[in-house]
Amino acid sequence: MTISADHTAPDQAQQAVNEDAVAEAVRKFGITVEDYMLPARHQIQMVDPEGRLKADDDQGTEPGHEYPVPGDEELMAAYEQLVVGRRVNDQNSALVRQGRMAVYPSSHGQEACQVAAALCLSEGDWMFPTYRDSVAVMARGVDPVEAMTLFRGDWHSGFDPLRHKVGAQCTPLTTQLLHAVGVAHAAKLRGEDTVVLAMCGDGATSEGDFHEALNFAAVFHLPVVFFVQNNKYAISVPLAHQSVAPSLAHKAVGYGMAGERVDGNDVVALLAVLDRAVKLAREGSGPLLVEAHTYRMQAHTNADDATRYRQDSEVAEWQAKDPVSRMRTYLADRGLLDDQAEARILAKAEAVATQLRDGLSEDVPVDPQELFRHVFSAPTPQLKEQSAMLADELSREASSEEAPK
Amino acid sequence: MSPTITTSSEANGNVSAATARAAASAAATAEAAGPQAITMAKALNTAMADAMHADSSVLVFGEDVGMLGGVFRITDGLTKTFGEQRCFDTPLAESGIVGMAVGMAMNGMRPVIEMQFDAFAYPAFEQIVSHVAKMHNRTKGAVKLPMVIRVPYAGGIGGVEHHCDSSESYYAHTAGLKVFTPATVADAYRMLREAIDSDDPIMFMEPKKLYWSKDMVDLEELRAQHSANTDAGTSSEGRAAVARPGTDATLIAYGPSVPTALAAAAAAAEEGRSLEVIDVRTIVPFDDETVCASVRKTGRAVVIAEAHGFASVCSEIVARVQERCFHYLAAPIRRVTGFDVPYPAPKLEHYYLPGVDRILDAVDDLQWED
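Line order of the protein sequences matches chains A and B.
Numbers 0 to 404, taken from numbering that gives the first Met the number 0, label the letters of the first sequence in order.
Numbers 0 to 369, taken from numbering that gives the first Met the number 0, label the letters of the second sequence in order.
It is worth saying that the hints were derived from the structure and are not from the lab.
Owing to the predicted nature of the structure, the values given are computational and were not obtained by experimental measurement.
Be a bit skeptical, because a hint or two may be false.
To be verified - When the alpha-carbon atoms are kept at most 30 Å apart in a straight line, the in silico BS3-like pairs for lysine-lysine are as follows:
id, chain 1, residue 1, chain 2, residue 2
1, A, Lys383, B, Lys213
2, A, Lys278, A, Lys320
3, A, Lys383, B, Lys139
4, B, Lys296, A, Lys383
5, A, Lys231, A, Lys320
6, B, Lys79, B, Lys213
7, B, Lys213, B, Lys346
8, A, Lys53, A, Lys278
9, A, Lys320, A, Lys383
Said to hold, decoys possible - To give an idea of the interface, some chain B residues facing chain A are shown, with a C-beta separation under 7 Å as derived from the structure:
id, residue
10, His135
11, Thr138
12, Gly175
13, Asp199
Cβ atoms here follow ideal geometry from the backbone N, Cα and C, with glycine treated the same way.
Same shape as in the complex, but just chain B (with noise of 0.2 Å):
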């Protein structure tokens, strides 16, 4: 197979949505129809390859994503399907693979580009921040980076050294980057969609250890979704999610503390308490709106991540809901974080990871009447 390459405009000009759609149904073919267990890596996977057939100047590049898959294999396939020139091996070189990125955007393409794993990417620190976040502004808007930039992040897989690392919070702290992470494996799907559309550059942080999560989804149904909010406009960007309902308390949290929270929240209600969950989904921008509702609704929160708590997002939101909701509040914000260590080495990353029952004893602290 030999795919053609135009540049962005032309792809968004002469692939229409309706040919991306018929590609989309197409590869779709091959599936089973309806609602079926399927793992984030296989959405996020999908997404890419979707993405790809619906705008030949979408690329996926880094280090082994080539023949191997990567080494989550979230880019399985795609070398096979198409060609080495959509989807193709770089030189080890982290700071190379996010410049060249930055080229690439800047003349047409839209690159999908994967840091192996969070601490990996640091050389590329530079490029980033210097570059990433701030080509748009530095040029007055003249130049856009539609990219993504995708990063295995946080722990919970049992990684030696420098392969679990929580590094949200730099590029949270980043003016000019957007910060992305999914929860569930429909949102892997509908999330890194979006990203790959948006023409501003995207940190794509992926929970690796919920990488092999499943859920039940339709992927045709999807990709409507992402049709039907493409022609219209929308987006999930900047929408957070109420993952559970609930009345006594919220429980804040994103990307993989999402399901230890809603492990917390199940556990509480078996005690009579019922906690809200919300996943954030989006770091940046920052749903105050959502979030605020459920705590002035609830009137005690938790907020959880799996990073330092110190300068964390963590303490962000901490922050932000205390300005906004003060005199809803019954009790202080708690926040469940990990500490501010080093990531551990595997065999102590349980007592490092905040986990359903430090929740829980936060949850008791919030100054309850009863």
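Okay, chain A solo, but in the shape it has when bound (with noise of 0.2 Å):
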């Protein structure tokens, strides 16, 4: 496909988008430009926290900031990964204590992020995680199992990013976003609608790469939502620790991108507004960040002790906005979700924990010669001599073994 000689500018038609999106809402609303790219006064909550869906007109948010509410469908799928998500984090956690994984970044009390995160996206587009995102990666279409094995400890990436379109987990913060430039870029170059959804926690703010990605995405105007779950606390650092600005959405405006605010528990708000940003980006809008206000029930990790650093009444306090309670109620009393639907999507969570206690259980060998095999793609006459010597030595340890005493 060919491509405009300038493709740092969008093109005619992505121009126009751009435009008319910017001159309804000028239009609709009496606002100006720079109000349109600011994000909304108060969060987006389209259902509060006992379950209500709120009206239109009470939804806290500016002219400007309107959301439809998603259909059934996408509501009941949404509702089934919630619980499916909430049970795959307790089951993580249990096996944990249980000694068969070596740590586990729970995202419980942050499911609707994760949820929506996979759900707003087409099957041709990408997502970033960070480590804390793999109920995203699993609601992505990625084996459980297969998405574990970084925390189990037999490898780094368990999956194939390049099958999934999904970025392979790791710890380092933030650098993930530049990738997720990079592969929204070559996507724009080939003409492909690819969408990159890159995501990030409140602490990768701060770094380096956060600023470098966003910038990059926006001068080379490219589809990339950026998604910042603010969990409140950087291992143990509160976000009035790690930012002064009214909200992380503003700092989009920075880089003359929109930025956006919305309710982290509640999936119903989250999928509205990340299905509006990944079709304006599709739609040829140039970057966007949305921020969704979420709190990790739990500690970092379990090498992390939470009581140190936040108070009980803090926890119980987002204990009350619980994300798969919230959504049970609403999709209950619109008659939506009824008991059999409710035991057939349990019957799935509890088949998902079961892959994944079985799955983690197994004790799977590991070949020590995978130890070379993939540092370049074909090894150094250095690693052929080195893998030579470890096969020796276990040849040897096998040996001495087998030897009788």
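Each chain sits in its own coordinate frame; assemble them with the hints.
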């Protein structure tokens, strides 16, 4: 496919979409272009913690930020994934306690963000998750056991990023946002309509790569949706020590992109906001930033003691905003979720948990020669030498074990 | 001109080797036929242009590489020839350049990126060490990163602070990175083409004081050689070169130190001592075979590099040769390196850089019986 000579500027079609969206908002709500880019003054919320749908005019939004409620089918799919996600988090935390996994950064309490991140993308889109986003990775279709190899300790990434269009999870912060930008840039140069969802947490917004990724995406006008899960703590450091910006979504404006804030425990609002962000990015609006306000209900990992830096009362406060029970109430009240459907969904969640238990309880033998196989596309003479040395060590070890005492 | 961008696999399929050769020949018609004196800068520039002709997934980007053609002019004319999609300026952000290249390489492109100066690459160090070097390994080979990071490095140009650094040891120490450094004009062309073709990420260390060095080379012949090597699946990766044959002692050098070593060998020859000079060419992978064959033959060795000697590529070479050639050695292996001080200011650079005299002094120390 041929692309325009100046790829740094939006092509005419993209520009038209861009201008139209802004022009429409300006016409409809009588706001300035600058206001159009600013996040809503309050978090977008559609279903409150009691599971009640808020009226359109009661969403606490500014003009220009009205969102339609997603369709029933999408909401039911989201609920199913929420229940599965909660079960996955609980199961994996249990597996860590049993010594079956080295570590698990739980997203308990953040399942709505995880689910919405996977559901807002089309098949050809890419997701770049953090280490805490395993539920999103699974919701995107990656095999649950394969997704857990990093935390079990078999290998670093257990799934093929290219096959699933999901970046490999790893532990340096924020670096993956630039990879997301590169994937989007390559897709754009080929004229593909791929959108890339680039995920990070609140602590990650302090890193230099956050700035470079947002700036690159904006300058090259790339279809990247930056999705910040603000769960209030970077290990133990609270948001107030991370940033004094009015919101993390406001950071977008400085890069020339629109930002939006959303209740991160409200999957309905998350889907509405992310669906629109993905649609705008696909239509050529350039990058956008969505900040989800949520809470990490459990410690950073099993190595962390969360009682040292936060109050039980704070945790209890967020318990009342739980994303799963809120959605259950909402769907049941609307008559979409009955006992039968609930039982089916619970059975599905249980099946995934069983798959994780079985898969992670298995002692999969590791092949020591794997050490040398994937350093380069073919091993260097030095690696061949070291591989032979290890093979020799192992064979001597084996023969000494076999020898009669 | 509005070039077509295709995926790497499509490009490899559609833009066949024959088409590539045709394109390269077309470009070459404007050049004088036969050997001509060209600079290393020109060889590098031609290598990128030829690679871009051969494969539309090859992209060049970095700071000032577009209309300016790079601060050293190595990317001169590429934007004009290939358009702003293929050779473009980025915001001033090294981590961004490398991190974006990682994503582009994941998604079917072959980025060739420029770090403006050696010491400017350090903001990108995390991306290079944690991602460029590890992505293939992390994903058990599922993700390949065919990318080249070009780093103008080392001294001898009188640059102010942070414009001259010998940073090759950082990269050579990092498993998963290949480290190339050409010393001749022909090698600059040859090795950069090979680096761009490689499915592995390459740190391509360009000795900036050699950018303006000239050799007689036949570009058409180099192109033909490259095509022949591609068809045969061979390359010069991991192969050191005997830059000057000799019998009495071996000087082992790479990149900017190769001409210095050759000058020392020429001076020694006048005194009746025959020194063999080995040009390492690719630090990773390292050619133990060629280096050790030479040392076994001569029984004496001096390893030369501009970088600090402590914990350096030089130290590694000495250790490797010692482990493999101990019984052939007539004297301890000597190192001639930069001092273990921060890279000096231009007026002091001369005292820091290993020169011919320092090399000859080291050679004199090799316990000669005469």
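Hint-by-hint comparison with the structure:
1. The straight-line distance between the Cα atoms of Lys383 of chain A and Lys213 of chain B is roughly 38 Å, outside the 30 Å bound, and the hint therefore fails.
2. In summary, the hint linking Lys278 of chain A to Lys320 of chain A is supported, as the alpha carbons are separated by about 28 Å, within the 30 Å threshold.
3. Simply put, Lys383 of chain A and Lys139 of chain B have alpha-carbon atoms about 17 Å apart, close enough for the 30 Å limit, and the pair holds.
4. A hinted pair counts as satisfied when its Cα atoms are at most 30 Å apart, and Lys296 of chain B with Lys383 of chain A qualifies at roughly 25 Å.
5. Distance check on the hinted pair: Lys231 of chain A and Lys320 of chain A sit about 14 Å apart at the alpha-carbon level, within 30 Å; holds.
6. In summary, the hint linking Lys79 of chain B to Lys213 of chain B is supported, as the alpha carbons are separated by about 25 Å, within the 30 Å threshold.
7. For the given pair, Lys213 of chain B sits about 26 Å from Lys346 of chain B by alpha-carbon distance, which is consistent with the 30 Å threshold.
8. For the hint linking Lys53 of chain A to Lys278 of chain A, the alpha-carbon distance of about 24 Å falls within 30 Å, and the restraint holds.
9. Pair hint Lys320 of chain A plus Lys383 of chain A does not hold up; C-alpha atoms about 56 Å apart against a cutoff of 30 Å.
10. The restraint placing His135 of chain B at the interface with chain A holds, with a minimum CB-CB distance near 6 Å, inside the 7 Å limit.
11. At about 5 Å, the closest approach between the beta carbon of Thr138 of chain B and any beta carbon in chain A falls short of 7 Å, and the interface hint on this residue holds.
12. Taking 7 Å as the C-beta contact cut-off toward chain A, the hint placing Gly175 of chain B at the interface holds, the least distance being around 6 Å.
13. A least Cβ separation of about 5 Å between Asp199 of chain B and chain A falls short of the 7 Å threshold, and the interface hint therefore holds.
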